[in-house]
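A.B. asks: Put chain B on the given structure of chain A with help from the hints.
Chains as they are written, first to last, in my numbering: chain A, 1 to 320; chain B, 1 to 229.
None of these hints come from the bench; they were simulated from the model. Treat each hint with caution, since some may be false.
Heads up, simulated DSS-like pairs for lysine-lysine below, C-alpha to C-alpha not over 30 Å straight-line [claimed, not checked]:
| hint | chain 1 | residue 1 | chain 2 | residue 2 |
| --- | --- | --- | --- | --- |
| 1 | B | Lys150 | B | Lys5 |
| 2 | A | Lys119 | B | Lys75 |
| 3 | B | Lys72 | B | Lys26 |
| 4 | B | Lys127 | A | Lys55 |
| 5 | B | Lys72 | A | Lys119 |
| 6 | A | Lys119 | B | Lys177 |
| 7 | A | Lys55 | B | Lys72 |
| 8 | B | Lys177 | B | Lys150 |
| 9 | B | Lys26 | A | Lys55 |
| 10 | A | Lys119 | B | Lys127 |
| 11 | B | Lys26 | B | Lys177 |
| 12 | B | Lys52 | B | Lys75 |
| 13 | B | Lys177 | B | Lys167 |
| 14 | A | Lys55 | B | Lys150 |
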Amino acid sequence: MTAKIALALLLAASAGYSWDEIKGVMIMQGFAGLSLFSIFLLMALGLAIIFGQMKVINMAHGEFLTMGAYTTVFLSWLCESYAPGLLAWYFPVAMILAFFVAGSVGFLVEFAIIRHLYKRPLDTLLATWGLSMILQETFRQIAGARETSATMPEWLMGSLQPFEGVDIPINGIFLLGASLVLTVIVVINLYYTRSGLRVRATVMNRDMAGAVGINTRMTDRMTFALGCGIAGVAGAAFTTVGSISPSAGGLYIVDTFMVVVFGGAGSIIGTILAAFGIAQAQSVLEFFLSGVLAKVAVLLAVVFILMIRPQGLVVAKIRK
Amino acid sequence: MLAVKNLCVSYGESIVIRDLSFEVRKNETLAIMGRNGMGKTTLMKSIIGMHKPRSGSITLDGTEIAGLDSFKRVKAGLGFVPQGRQIFSALSVEDNIRTGLETAKVRRIEDWVYTTFPVLKEMRHRKGGNLSGGQQQQLAIARALVSGPKVLLLDEPTEGIQPSIIKDIARTLNELKQLRDLTIIVSEQVLSFTLEIADRILVIESGAIVREDPRANVDEATISRYLSV
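With the rest of the complex left out, here is chain A (with noise of 0.2 Å):
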């Protein structure tokens, strides 16, 4: 954070901007990297889930969020055209279908494909790929080639204005509180319930884990669904602040799995923190330089960081 800040003064001074400039510029950039902090982590909460729990490379994982996506633009087309009242309140449902609609795909790939390869995870990434390309076929068979978007309840339309010169808008604000609640639920589910018990004792030795009464297959199925579910309410989300099409989801993939990776694979707090520093670090750089060489300059300094310390920001200390 404090080398961030640092890098943009150091960056705004050689530009030539005043101290007021810089200021409304770390402002203005600063919402909109927590617009892209609140994807980078809906994004990555799945994952965390799926990659970084159960070490699966889920390359499709992007298509559950497009599914998402689409059952809430479905949602909203059947609410205009059947049930124009219900137009103010669908969203939270499509949030909930979103979930559910997702997970159970999730439930059944893993049933048919991912099951079979957890101990080849190279032929995971392959599988998963195939059934990434297999999902954006059947979404443009389904829905078409072009973008599309729901209908926004009006409540989410508009912007606050807290003082003069800033517009915060209320899509982005509720894309930041659906991130952040989501991550309590992810949270609460993962270390404080019997489920979530079951989760971390299956990655940490599937044998054993068996071998002290859990069920591990079902529990393999469940954790997929759940993970694939988030994916599919983070896709719901997505559409308050950007259209979709078939291949939407596949443009956010790279950038989850560097999140993922950074905040220390299985670390919740690490994600949320990857997600932080990677959307502000880009967020801020964008406006100094190219979105493009913003890109390519957090990608090198997360490769500079993860060759001092591969295993990520947060790592548990145990005992070897």
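C.D. replies: Structure of chain B alone, referenced to chain A:
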């Protein structure tokens, strides 16, 4: 109580357990002894379901369990303390014990657990991986016991444990056997420990039983010959 009949277990083409049969009676402690590589751990893993046998039968109270997954065998009444403890190192002591409650009738840690293993109460919020070997062994036993097993399997429980703690483990197992109405199968190489807890000793070599003695008739010198390298 638990009967193993004509059990054959292999790793690929290499046969590790050959046509092995034995039975353990209710409330009996049966020790299975033998040198490293004789098939003790493979036998234990086969009974709990971590390794599928090639052929043969394993019955618990007359019910065939050889084809069941591990978690179903635990549900049927087996408890397992593996070689090297294999506690969940990143979970707290309390969470480690809670993993064993998955098939238990009472889904909370009952008072007797911390009464039997007071050190676990003191350390219940510590990570399992940060405990000493002896403490981890107590944790592994507690984790196996909370499911309420009829038969407790212990695979080399003295491995890597200092001698003073080994005596404590023997005393605890003898107490638990009475208190929890347990049947125990223990694989071991340390004869002094085995003699403190076992009612009967089987010696296995190359996956087959070569000797069987009730504790009263054990000739220590003869058994030791089977254990020396």
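A.B. asks: In ascending order, which of the hints set out earlier in this document are inconsistent with the structure?
C.D. replies: When the structure is compared with the hints, numbers 6, 9, 14 turn out to be violated.
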